[in-house]
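J.: Since the structure of chain A is already known, use the hints to place chain B on it.
Protein chains: 2
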Amino acid sequence: MSFEKLDALCRRLNALEHATSILHADEATNMAVGGGEARAEAMSVLAGMYHRQATAPEIGDWLAAAENEDLSEDQQTALREFRRVWTGLTCLPPEFVERQTATRMRCEQLWRDLRAKNDWAGFQPALEGVVELAREEAALRADAFGLAPYDALMEQYDPGNRAADITPVFAELKVFLVDFVPKALDTQEKRLAARPKKPLSGNYPVERQRELGLAMMAAVGFDLTHGSLSVSHHPFCGGVPTDVRITTRYRTSEFLSSLMGTLHETGHALYEQGLPREWAHWPLGKARGMAMHESQSLFVEKQIGRNPAFWRWALPVVERHLGEDWSIEDILPHVHHVERGLIRVDADEVTYPLHVILRYELEQDLIAGRLEVRDLPEAWNAKMTEYLGLSTIDDPANGPMQDVHWPSGAIGYFPSYTLGALIAAQQWAVIARDMPDIDAQMEQGHFDALNDWRREHIWSQGSRWSTPELIERATGEPLNAVHFRNHLEARYGG
Amino acid sequence: MSFEKLDALCRRLNALEHATSILHADEATNMAVGGGEARAEAMSVLAGMYHRQATAPEIGDWLAAAENEDLSEDQQTALREFRRVWTGLTCLPPEFVERQTATRMRCEQLWRDLRAKNDWAGFQPALEGVVELAREEAALRADAFGLAPYDALMEQYDPGNRAADITPVFAELKVFLVDFVPKALDTQEKRLAARPKKPLSGNYPVERQRELGLAMMAAVGFDLTHGSLSVSHHPFCGGVPTDVRITTRYRTSEFLSSLMGTLHETGHALYEQGLPREWAHWPLGKARGMAMHESQSLFVEKQIGRNPAFWRWALPVVERHLGEDWSIEDILPHVHHVERGLIRVDADEVTYPLHVILRYELEQDLIAGRLEVRDLPEAWNAKMTEYLGLSTIDDPANGPMQDVHWPSGAIGYFPSYTLGALIAAQQWAVIARDMPDIDAQMEQGHFDALNDWRREHIWSQGSRWSTPELIERATGEPLNAVHFRNHLEARYGG
Numbered sequence: 001m002s003f004e005k006l007d008a009l010c011r012r013l014n015a016l017e018h019a020t021s022i023l024h025a026d027e028a029t030n031m032a033v034g035g036g037e038a039r040a041e042a043m044s045v046l047a048g049m050y051h052r053q054a055t056a057p058e059i060g061d062w063l064a065a066a067e068n069e070d071l072s073e074d075q076q077t078a079l080r081e082f083r084r085v086w087t088g089l090t091c092l093p094p095e096f097v098e099r100q101t102a103t104r105m106r107c108e109q110l111w112r113d114l115r116a117k118n119d120w121a122g123f124q125p126a127l128e129g130v131v132e133l134a135r136e137e138a139a140l141r142a143d144a145f146g147l148a149p150y151d152a153l154m155e156q157y158d159p160g161n162r163a164a165d166i167t168p169v170f171a172e173l174k175v176f177l178v179d180f181v182p183k184a185l186d187t188q189e190k191r192l193a194a195r196p197k198k199p200l201s202g203n204y205p206v207e208r209q210r211e212l213g214l215a216m217m218a219a220v221g222f223d224l225t226h227g228s229l230s231v232s233h234h235p236f237c238g239g240v241p242t243d244v245r246i247t248t249r250y251r252t253s254e255f256l257s258s259l260m261g262t263l264h265e266t267g268h269a270l271y272e273q274g275l276p277r278e279w280a281h282w283p284l285g286k287a288r289g290m291a292m293h294e295s296q297s298l299f300v301e302k303q304i305g306r307n308p309a310f311w312r313w314a315l316p317v318v319e320r321h322l323g324e325d326w327s328i329e330d331i332l333p334h335v336h337h338v339e340r341g342l343i344r345v346d347a348d349e350v351t352y353p354l355h356v357i358l359r360y361e362l363e364q365d366l367i368a369g370r371l372e373v374r375d376l377p378e379a380w381n382a383k384m385t386e387y388l389g390l391s392t393i394d395d396p397a398n399g400p401m402q403d404v405h406w407p408s409g410a411i412g413y414f415p416s417y418t419l420g421a422l423i424a425a426q427q428w429a430v431i432a433r434d435m436p437d438i439d440a441q442m443e444q445g446h447f448d449a450l451n452d453w454r455r456e457h458i459w460s461q462g463s464r465w466s467t468p469e470l471i472e473r474a475t476g477e478p479l480n481a482v483h484f485r486n487h488l489e490a491r492y493g494g
Numbered sequence: 001m002s003f004e005k006l007d008a009l010c011r012r013l014n015a016l017e018h019a020t021s022i023l024h025a026d027e028a029t030n031m032a033v034g035g036g037e038a039r040a041e042a043m044s045v046l047a048g049m050y051h052r053q054a055t056a057p058e059i060g061d062w063l064a065a066a067e068n069e070d071l072s073e074d075q076q077t078a079l080r081e082f083r084r085v086w087t088g089l090t091c092l093p094p095e096f097v098e099r100q101t102a103t104r105m106r107c108e109q110l111w112r113d114l115r116a117k118n119d120w121a122g123f124q125p126a127l128e129g130v131v132e133l134a135r136e137e138a139a140l141r142a143d144a145f146g147l148a149p150y151d152a153l154m155e156q157y158d159p160g161n162r163a164a165d166i167t168p169v170f171a172e173l174k175v176f177l178v179d180f181v182p183k184a185l186d187t188q189e190k191r192l193a194a195r196p197k198k199p200l201s202g203n204y205p206v207e208r209q210r211e212l213g214l215a216m217m218a219a220v221g222f223d224l225t226h227g228s229l230s231v232s233h234h235p236f237c238g239g240v241p242t243d244v245r246i247t248t249r250y251r252t253s254e255f256l257s258s259l260m261g262t263l264h265e266t267g268h269a270l271y272e273q274g275l276p277r278e279w280a281h282w283p284l285g286k287a288r289g290m291a292m293h294e295s296q297s298l299f300v301e302k303q304i305g306r307n308p309a310f311w312r313w314a315l316p317v318v319e320r321h322l323g324e325d326w327s328i329e330d331i332l333p334h335v336h337h338v339e340r341g342l343i344r345v346d347a348d349e350v351t352y353p354l355h356v357i358l359r360y361e362l363e364q365d366l367i368a369g370r371l372e373v374r375d376l377p378e379a380w381n382a383k384m385t386e387y388l389g390l391s392t393i394d395d396p397a398n399g400p401m402q403d404v405h406w407p408s409g410a411i412g413y414f415p416s417y418t419l420g421a422l423i424a425a426q427q428w429a430v431i432a433r434d435m436p437d438i439d440a441q442m443e444q445g446h447f448d449a450l451n452d453w454r455r456e457h458i459w460s461q462g463s464r465w466s467t468p469e470l471i472e473r474a475t476g477e478p479l480n481a482v483h484f485r486n487h488l489e490a491r492y493g494g
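Chains as they are written, first to last, in this note's numbering: chain A, 1 to 494; chain B, 1 to 494.
Hints were generated in silico from the structure; no laboratory data involved.
Note: identical chains are not told apart, hence a pair may lie in one copy or across any two.
Simulated crosslink set (SDA-like; lysine to any residue; CA at most 25 Å straight-line):
(1) K5 <-> A47
(2) K5 <-> Q53
(3) K5 <-> A40
(4) K5 <-> E37
(5) K190 <-> L342
(6) K5 <-> H51
(7) K198 <-> E254
(8) K197 <-> H336
(9) K5 <-> L71
(10) K117 <-> H233
(11) K383 <-> E132
(12) K383 <-> N480
(13) K286 <-> G36
(14) K5 <-> R83
(15) K286 <-> E37
The model shown is predicted, which means the values in this text are computed figures rather than measured ones.
Okay, chain A solo, but in the shape it has when bound (with noise of 0.2 Å):
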């Protein structure tokens, strides 16, 4: 049976992804500083090894094979999600490929050398270089897919997801942030001024933070026996799903940032260890997007974790912790603060979006050659002026240079933010339609409920869905940007 030489294909392709996953999740916590240049080598060797059985000639044979055969829904289910994935795969030249990774990663190094110089001028050819191939490389998935230039790129990340579905939820949600951010921060104002923040810091020794997190993940849900937490420079979540790892990092001056980057985090490794254990090895036992799976983060780190329900349950077990009796109103000013910045990864959820509008904006007019390059710190200052109110005219290294994304070729990746930031309110929403209590039962450290309907709603349905379909299928509607607002004029509104 042919299905069988794909199941086949399937384990050993994962088996390869379970050791490119864990060398990752070593190389950023275990790796001997001396052990880069080897395990560089090595990476770059299985990811060939991957790539040349991933596309060896005779699956689309053993697919168009299986296809026909008598197989359960699930399988079929199984096949069609792996024919996508195939497709993404083989839809690019290798010559392409190999013309696209030297320019990426060429760009790439450039602009960690150029951005720390404020040097657009340097910088601008060589993204020239990428956002060239980005088009091709668009044309080319459009063509292999059916679809638009710029839904073709969204597809690698988000399946389903398009342009015309989003393009009226995030203009919505623009109009309505671009008069709701200077509420929020006169909301802010006020609320200081009748009772200064307190400052929470103190000297909160590394083993006490990572005791905290752990009782934190442990009571949201993170399962330890199939996974762990660690320290790295970058905080991420990777590892595989029977053994997610999870890393932070301490200042011991603070615990906020640390505590809320290991929840964000724990949301991501729900998702993982909450996949269909049967089906692991298939792409249809995989996380459906990075949408979805930026939904589940959210949901952890601010729906719950920057709820005051959630805080006042969570405020003695830091004083177990940390020793600290701070009260309700010590603590909101912190986990609710709001400010307009130029950089979108120190943004907070109410500015965030405007961040990442103004990206998905520019890239599909740079994708449709609507826009150069050239004249991208220009667009980038209109936007931020009009969206934001603040200039990035004179320091593009805070403008079109702050992000990894662009150089390293990742274009149609910036909506998912945002996006999985609407899912999340979405999900909220229909959680506290059906349990009404659920404030309740987080005040109290219960999030059994919360967990089960994200797992039957969400994590057990891996790929089975596109992107759209899982959001309407879970929360009973599509897309939409209705829940996102009554959750920020619920949380900062005057």
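T.: For chain B alone, coordinates are given in the frame of chain A:
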């Protein structure tokens, strides 16, 4: 060029070795408890991938063609060693390997269960199956390499080692030790009567022991930019030459067992760190074999780490970390303790070789068909009585069931342990002859000259020579027991 095809193949195989080595180390030190099943599946698939690529039918043609190409001397040496490894991988038919793997795994699993129950009768049939297949394997390997059957088994672990060379050395050593062990015990008794042993017990926090271990590792030459120390249940040296992972375990009531274990693994690690980088992906760039590897671990643990001159430097280091002010007379009775016992892994350097020689003699008889498994308990007991004056006739769990080697099919491996001890003493003797101030250097904590000698004569040689050639080139003499005997007499004699 066929040589270049083989070079590319070696890069692929080395990437898989890199991955599986790091995954092995990760499994023992970092894996979540629930991650084992998926890890085992991934490792088994990667092992299959390695074997298929390492034995692909075209390799024989590439080898034959490459051997006729215009190559440098190094390239020719690399090819020669590649052919040896490749012959070892291809000389067993795949169906035989499958049958053997299943038989060994069943026997090893049974052994774990039945050893705890001291149930020889239940275990015997499984071991008979393993020995039967080992005889077949020996015949197949003998045929492929043109060697005697037992030599063909040893060839897997120590290329070039032949029973005809080893047996006379072991025979001489056995006669010496049967006489010497009682003398050493007598000497020890007299010393202890004159000065009773002071217990080195206390409360030594793990973190302080770890710092002590790292300080000792660094002092004797471990490059901490290319390796690390962590904790595992069974100490090991793993990883890759650019990132050597060694492990230990701690008891807070005493420090010597962990420290001595760390020095032992450091000896292995120095060999790996000192291998020639330019051939790292070829068999030529790997360590020579088990005996030579053990010679490096025993060199650091026994020749350096139990040397009074070493302790004159080390005691103040121990005091700095653990706060204990011991004298050289306090420490030596502990690091030079001799005791007759049934268990090989617990044996000291005086009695250990008798455990090995017993196994070496018995496993040759098993392979030759002069001894059957059913007669093993009696044969074991007879030798145990003759060599060490101990009986195991009612205690097979501590007799022929004590080691994992035979149940897992590793026959021909045991001699490596004692060959390692002889080679270490032989190396030490040359160094002591050529550097008369070596004790004074150690007393100052200077190990550079010791390491330079081993780097030049052993580590940098990789697999350029057979084991006996490497011994003779490094020390100017063929393998012999003279220096080891002198070493024991100097340290343990009256």
